[in-house]
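So the chains spell out like this:
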Amino acid sequence: MAKRKGLTLTDVLITVVIALVFSFIYSIWGGVYTALEPLGLHLNQLLYGMWFIAAVVAYLVIRKPGVALIAEFAAASGETIVMLQFDVMLIVYGLIQGLACEIVFAIVKYESTSLMVAVIAGISAALATFPLDWYYGYLGQLATWNLLLMFGFRVLSGALIAGWLAHLLYRALKETGVLKLVGNGHAAEEGL
Amino acid sequence: MSEAVKRYITFADRVNPLVKILVAVALFLTVILIHDPNHLFHLAVIMFILLLLLSGVKYIYIGLLTGAILFFGFISSLYMIFYGEGTTTIFRFGIIHVTEESAVRGIHIMMRGITLSFFGALIVFTTRITDVFYSLMQQGRLKPKYAYSFMAAVRMVPIIAGEYMALRRARKVRRALIHRKYITGLKGFISAIVTLLSQSIRRAWRLGVAMESKGFDDGPRTYYHRTTYSIHDLHFVLLIVLGVILSAFLGEWFSPFDTVDAR
Numbered sequence: 003m004a005k006r007k008g009l010t011l012t013d014v015l016i017t018v019v020i021a022l023v024f025s026f027i028y029s030i031w032g033g034v035y036t037a038l039e040p041l042g043l044h045l046n047q048l049l050y051g052m053w054f055i056a057a058v059v060a061y062l063v064i065r066k067p068g069v070a071l072i073a074e075f076a077a078a079s080g081e082t083i084v085m086l087q088f089d090v091m092l093i094v095y096g097l098i099q100g101l102a103c104e105i106v107f108a109i110v111k112y113e114s115t116s117l118m119v120a121v122i123a124g125i126s127a128a129l130a131t132f133p134l135d136w137y138y139g140y141l142g143q144l145a146t147w148n149l150l151l152m153f154g155f156r157v158l159s160g161a162l163i164a165g166w167l168a169h170l171l172y173r174a175l176k177e178t179g180v181l182k183l184v185g186n187g188h189a190a191e192e193g194l
Numbered sequence: 039m040s041e042a043v044k045r046y047i048t049f050a051d052r053v054n055p056l057v058k059i060l061v062a063v064a065l066f067l068t069v070i071l072i073h074d075p076n077h078l079f080h081l082a083v084i085m086f087i088l089l090l091l092l093s094g095v096k097y098i099y100i101g102l103l104t105g106a107i108l109f110f111g112f113i114s115s116l117y118m119i120f121y122g123e124g125t126t127t128i129f130r131f132g133i134i135h136v137t138e139e140s141a142v143r144g145i146h147i148m149m150r151g152i153t154l155s156f157f158g159a160l161i162v163f164t165t166r167i168t169d170v171f172y173s174l175m176q177q178g179r180l181k182p183k184y185a186y187s188f189m190a191a192v193r194m195v196p197i198i199a200g201e202y203m204a205l206r207r208a209r210k211v212r213r214a215l216i217h218r219k220y221i222t223g224l225k226g227f228i229s230a231i232v233t234l235l236s237q238s239i240r241r242a243w244r245l246g247v248a249m250e251s252k253g254f255d256d257g258p259r260t261y262y263h264r265t266t267y268s269i270h271d272l273h274f275v276l277l278i279v280l281g282v283i284l285s286a287f288l289g290e291w292f293s294p295f296d297t298v299d300a301r
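So the protein lines, in turn, are chains A and B.
So for the first sequence, our numbering puts the first residue at 3; every next one is plus one.
So for the second sequence, our numbering puts the first residue at 39; every next one is plus one.
Take these hints with a grain of salt, some might be off.
Taking lysine-lysine pairs in the DSS-like style, the calculated list, with each CA pair at most 27 Å apart, reads [claimed, not checked]: (1) Lys182(A) <-> Lys225(B); (2) Lys225(B) <-> Lys210(B); (3) Lys219(B) <-> Lys176(A); (4) Lys176(A) <-> Lys111(A); (5) Lys225(B) <-> Lys176(A).
No wet-lab data here; the hints were simulated from the structure.
Could you build all of it, start to finish, from the sequences and the hints given here?
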């Protein structure tokens, strides 16, 4: 296949399909997340990183500009398709998280697949949701210890789930050999 | 949306999908700017009435959905009710401290969620998903490669679901033969996702190559399915704008909450 720099239809299709696989997991995850919510201690925030794992995995697989944003948008709208519930909020959050990851990937010029980049992307996506949450959920009026707990858990979760776990998935995927098909064929040069 | 749940078609079904999405975004911004719980209460009620009248869906489904929306909305506002700041204590138990202010604020956050969910449900019930992408291409000038990859991917959702079920059954049958750690826990989770992902990537790649060679790429296209703007779009926008204005007036007239600012 001819190597093309921009996103081809195949790239977009693979990105969206990766995102849809994750939107299944998101839907199941949503149940666990909600189950932990009544405790109020923000234990659910420890699971928060899962909401932007699709962006990081899709980037690690394809490594082209725009992939993280498309993946996060598709995963958010995928929840609409899987759960049959349209939520503008979900899509707005998805776009913001995808954009935050995208900025990190643009800084490394869409080349690095290191664990560190994944972790930083995960953390930045976690941070990016705060301004909106602050306004939407009136976080300024929350008891301070509770707010710090929420903040800490979410960042930790971004690093662990969207960063470390996403990287683990990427390495496992690489072993299957399926990545030879994808993107610019860079995986072939990586000795697969 | 599936025909099985529908009872009748309303003008909302004929509104351009792009217009509905733009109205949804505008409503999201409006709801964020409303700090008066009385105002928001009436907006939530109006959205519910619109869902009831315009979706054309059997009441049993709307009832089930409403129950779920209220339940999840309530649960997701508990963090504020339990730990929000306030001066007038209603209830205190250990670290939980419910005050009048935090309770109203929590309910306000819940009403934000349900207002948007009711409107979202109305959109889902009155829009066909393929029309969304046709509209994005024809009125939104979205490049066909994005729209067609989304539409193709949507068709794969049932296949992915089927694959997941097959994987579960296969694991059940072979449970005695494989080590437990490959079924449960992190290893099991990763092996399940990697299986689903690698299969899906392969399938997406095959389909992508086929679609590219058939010319589903960029470039000008003609369409069999056409979506257009119509007078229904204007009616729909006006209806929602009127709803927001009406809810503000009703909030002045009938106020279930003492305060006018939930902050």
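Hints versus structure:
1. As the CA atoms of Lys182(A) and Lys225(B) are separated by approximately 24 Å, the hinted pair is consistent with the 27 Å bound.
2. Under the criterion of a C-alpha separation no larger than 27 Å, the hint pairing Lys225(B) with Lys210(B) is consistent with the structure, at around 16 Å.
3. Restraint check for Lys219(B) and Lys176(A): satisfied, since their Cα atoms lie roughly 21 Å apart, inside the 27 Å limit.
4. With a C-alpha separation of about 21 Å, the suggested pair Lys176(A) and Lys111(A) falls inside the 27 Å cut-off, and the hint holds.
5. In summary, the hint linking Lys225(B) to Lys176(A) is supported, as the alpha carbons are separated by about 16 Å, within the 27 Å threshold.
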